[in-house]
Amino acid sequence: MSDIQSPPVPKAPVPAGSTEREFTVKERTQWQIVVRRFLRHRLAVVSLIVLILLILLAYIGPLVWIHKLEDLDSPTDIMISASNPMGTDSLGHDMFARVLRGMQQSIKVAVIVAVLSTGIGAPYGAIAGYFGGRVDTILMRICDVLLTLPLLLVAGALVTGRGGSVLTVALVLGLLGWVVNARVVRGVVLSLREQEFIEAAKALGAGTFRIVFNHLLPNATGAIIVQATLDIAAAILAESALSFVGLGVQPPDTSLGVLVNDARSAVETRPWLFYWPGIMIILIALTISFIGDGLRDAFDPRQMRQRR
Amino acid sequence: MLAYTIRRILVAIPVLLVASMIVFTLTLFTGDPVEEKYAGRNPPVPQQTINLERERLGLDKPVVVQYVTWLKNLVTKGDFGPSIESTRDIGGELGKRIFVTLRLIFFAIVLALVLAIISGVLSATRQYSKLDYTFTFLGFIFLAMPAFWVAVLLKQGALQYNEATGTRTFFTIGERSVETEPGLFNAFADIFGHMILPTISLALITYAAWSRFQRSSMLEVLNSDYVRLARAKGLSPRKVLVRHALRTALIPMTTVSALGIAQLIGGAVITETVFQWNGMGSYLITSIATRDRYAVMGWLLVAGIFIVVGNLVADLLYGILDPRIRYE
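Line by line, the protein sequences are chains A and B.
Residue numbers for the first sequence follow UniProt numbering, so the first one is 1 and each next one is one higher.
Residue numbers for the second sequence follow UniProt numbering, so the first one is 1 and each next one is one higher.
Hints were generated in silico from the structure; no laboratory data involved.
Each hint should be verified, as a subset may be incorrect.
Here are the in silico distance ranges between beta carbons for each label pair [claimed, not checked]: (1) B/L71 with A/G133: 30 to 38 Å; (2) B/G234 with A/F209: 40 to 48 Å; (3) A/L53 with B/E163: 33 to 41 Å; (4) A/I142 with B/G174: 53 to 61 Å; (5) A/I52 with B/G234: 49 to 57 Å; (6) A/G119 with B/G157: 17 to 25 Å; (7) B/V63 with A/A203: 52 to 60 Å; (8) B/G91 with A/Y59: 49 to 57 Å; (9) A/P218 with B/G91: 45 to 53 Å; (10) B/E163 with A/Y59: 53 to 61 Å; (11) B/I141 with A/A266: 18 to 26 Å; (12) A/V115 with B/P182: 31 to 39 Å; (13) B/S224 with A/D71: 56 to 64 Å; (14) B/Y226 with A/L204: 22 to 30 Å.
We put the beta carbon where it would ideally sit given N, CA and C, even for glycine.
With the sequences and hints as input, model every part of the structure.
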């Protein structure tokens with residue numbers, strides 16, 4: 001590790017005379033270490049690049065692409081052609097334009113759910129686990145109530161009869177989804193709080209806020225990140241599933257789930273209508289999972305094994 | 001532990017009550033079921049019929065009274081309330097359908113757990129080997145696949161296989177045939193045949209997430225000091241793995257899989273839709289579409305009980321598996 005080049009900004013004060021030692025181990029901040037470890041995870045890096053490209057494609061693509069979402073000027077039932085790279089449906093919609101729109105929806109869902117479920121779930125779970133006792137009981141009962149509310153039901157109630165926008169669906173997913181996050185973080189914190197470093201922090205007079213945010217949550221980062229990426233991937237799938245059964249995004253707007261549902265009976269006759277939106281869902285969810293995996297390895301300070 | 005269990009069950013009652021209140025409120029948002037039922041009829045349904053229907057469903061009373069009446073009838077008479085279809089018996093239908101769905105969920109969970117633990121442990125013990133990469137990649141792929149997409153693909157594959165071989169090897173529609181050959185064995189074989197595809201498609205997408213968790217937690221344990229100690233004092237690798245490491249590494253799995261029951265009840269809806277099972281899934285979708293409020297409430301209660309029990313079991317297992325966690 002000692003001979004690897006690194007950015008020259010040690011944040012911590014360098015003790016005088018340290019440069020005169022035989023080996024110089026440059027000090028790095030935790031984030032520098034995390035970034036370095038992440039960059040070593042090739043699959044994660046490739047996924048990050050692919051995901052960024054997909055996001056750019058989804059948002060810049062429609063601005064420059066020759067067909068618009070509602071255009072019906074393409075020939076019908078084309079499998080592939082220069083002006084319809086993903087084919088067309090039986091009405092003459094360009095599939096590429098529709099898939100791009102669907103990707104936008106999935107990305108919106110991902111962002112909203114990530115922010116909501118991590119932002120609410122992680123501190124909530126840490127507080128419940130750290131305090132224990134009555135606070136834990138009350139907080140967890142609230143979780144139980146939310147967990148008994150079936151996603152399909154809540155989404156159905158809020159979407160049925162008033163045309164669901166992707167925002168509604170994402171909010172429902174986020175506001176129900178953080179509970180799992182909270183329970184996982186609580187589980188980690190339950191065993192962290194019995195450990196010596198928490199005792200040490202208490203002995204040094206650290207307040208509750210400091211213990212939760214500076215000691216417990218950073219040590220649970222691995223679990224939080226893995227859970228967040230699982231949440232995002234699951235949310236993207238959930239949105240498409242809701243749309244698939246007709247309780248999500250409503251026509252005339254579209255999403256990848258709506259597209260797959262439209263193509264459900266055409267798997268044999270017009271397979272491209274079924275495969276393209278499905279592949280895009282998989283691609284987005286897959287890259288997010290790989291990035292999460294890379295982050296997990298990067299964040300775990302106990303994992304010192306080098307990747308080959 | 002027993003006191004803790006009893007307390008948790010007692011606490012679960014208000015949890016379910018609050019959940020039912022929330023759902024009751026939510027169903028108010030979906031619109032008037034009677035208007036929806038008679039909308040667009042030609043000639044228009046007479047006002048008198050509408051009023052009678054509203055009276056039968058109790059819609060003419062204030063919302064709070066509606067809820068309390070529903071609850072009272074449920075507790076005292078075991079009556080799940082009137083359905084929007086006057087011939088529909090909500091309690092009876094739920095009783096029949098829950099077993100159809102449970103059958104699916106149970107076998108899917110068992111299959112998924114076995115797959116997840118085996119692949120997770122193998123991945124962790126041989127971290128960064130070819131085997132680990134293969135399992136990891138497979139897991140990621142299944143994790144990223146939408147349940148309905150996998151189900152439709154499996155169904156399509158099975159149909160094509162049937163067509164190619166000219167047999168009826170796989171059943172792709174329904175949870176059982178309308179008519180089977182007489183005999184207990186044939187009935188059994190028929191149900192089993194219908195279960196194969198839905199169980200596989202449900203288990204595959206579930207196993208993926210669980211195997212990630214198993215690998216994650218196993219790695220964490222394998223890098224810990226006490227496992228190093230166990231190795232250092234000369235225990236056989238097998239004993240270290242099974243007795244020391246796996247025991248701890250299963251703890252996060254208990255929560256994840258118990259919570260998975262909740263997700264599976266939802267996930268089964270999708271699988272059941274694709275394979276056209278008459279389980280809890282199609283029941284819920286129809287009930288939401290027809291705004292059948294009490295049918296939806298009944299679904300919530302049944303699903304809710306399973307979720308509460310699942311959570312309780314997860315917490316109890318937590319205490320048994322990890323002595324550091326204490327329930328006072």
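Verification of the supplied hints:
Checked against the hint of 30 to 38 Å, the C-beta distance between B/L71 and A/G133 comes to roughly 31 Å, which is consistent with it. Between B/G234 and A/F209 the CB atoms are about 46 Å apart, so this pair conforms to the stated range of 40 to 48 Å. One distance hint, 33 to 41 Å for the beta-carbon pair A/L53 and B/E163, holds here, with the actual separation near 39 Å. Range check, A/I142 to B/G174: Cβ separation about 40 Å, and the 53 to 61 Å hint is violated.
Distance hint check: the CB atoms of A/I52 and B/G234 are about 50 Å apart, consistent with the given range 49 to 57 Å. Checked against the given bound of 17 to 25 Å, the beta carbons of A/G119 and B/G157, roughly 41 Å apart, lie outside it. For the hinted restraint 52 to 60 Å between B/V63 and A/A203, the CB-CB distance of approximately 54 Å keeps it satisfied. Range check, B/G91 to A/Y59: Cβ separation about 51 Å, and the 49 to 57 Å hint holds.
At about 51 Å, the beta-carbon gap between A/P218 and B/G91 stays in the expected band of 45 to 53 Å. Between B/E163 and A/Y59 the beta carbons are some 43 Å apart, a value that contradicts the proposed interval 53 to 61 Å. Between B/I141 and A/A266 the beta carbon distance is about 24 Å. The supplied range of 18 to 26 Å therefore holds. Remark: the range hint 31 to 39 Å for A/V115 to B/P182 is contradicted by a beta-carbon distance near 59 Å.
Remark: the range hint 56 to 64 Å for B/S224 to A/D71 is upheld by a beta-carbon distance near 59 Å. In this structure the hint that B/Y226 and A/L204 lie 22 to 30 Å apart at CB holds, the actual value being about 26 Å.
When held up to the earlier numbered hints, the structure conflicts with 4, 6, 10, 12 and fits the remainder.
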